[in-house]
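A.B. asks: Sequence:
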Amino acid sequence: MLAIGTMGGGRRVSLGLPHTDLDDILFAHDGPLPLDEFRAKAECVTQGDAWVGKGNYSKLADVVWHRAEVLVWLDLPLALVVPRIVYRSLRQLVGLYTSTQAQRLTWNRAFLGRRSLLRTAVRKYRHNRPRYAQQVAETAVLGVQGVQLRSGRQADAWLAGVLAGR
8 MLAIGTMGGG RRVSLGLPHT DLDDILFAHD GPLPLDEFRA KAECVTQGDA
58 WVGKGNYSKL ADVVWHRAEV LVWLDLPLAL VVPRIVYRSL RQLVGLYTST
108 QAQRLTWNRA FLGRRSLLRT AVRKYRHNRP RYAQQVAETA VLGVQGVQLR
158 SGRQADAWLA GVLAGR
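If you're matching positions, the sequence shown starts at 8 in my numbering and goes up one per residue.
The hints are simulated quantities; they were obtained by calculation from the structure and are not laboratory data.
Heads up, the beta-carbon is just placed ideally off N, CA and C, and yes, glycines get one too.
Label pairs and their in silico Cβ distance ranges:
| hint | residue 1 | residue 2 | range |
| --- | --- | --- | --- |
| 1 | 22 | 138 | 26 to 32 Å |
| 2 | 76 | 121 | 38 to 44 Å |
| 3 | 171 | 47 | 34 to 40 Å |
| 4 | 145 | 97 | 32 to 38 Å |
| 5 | 131 | 73 | 21 to 27 Å |
| 6 | 93 | 149 | 34 to 40 Å |
| 7 | 47 | 138 | 23 to 29 Å |
Model the full assembly from the supplied sequences, consistent with the hints where possible.
C.D. replies: Given below as structure tokens:
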């Protein structure tokens, strides 16, 4: 069994396993799903013997993180995270990247509003990093291997090792 839950995102690399972006489950056409429905759908995609789940929803720890063999935390520097958010948001706004969430994105939601993606990301980055470290440690107690990657180089090297070991 290989189950990898990721916290954070970036490039998508295929491991040849079923892959689910938890944002795609949460953000339905009418807005975010209620928590119980979100949990049920996330639980369904992590029932198999091999899967990759992308997302950092601590509300799903028992149905995603605790079922994984490896929990990968892409703990990238804020100086890298911000440009990636801007780039992805711009691509979504001009229609180059489509998803249910992207279809609901506006300039205000992306950059201008008090609760814009950009402002929220910066605020949450500073607030959540210590909490994520604690949650990864708590998950490790359950036998889930925690991997914290701080750069693209580290992520590439770790992934190359996973692919070489298959």
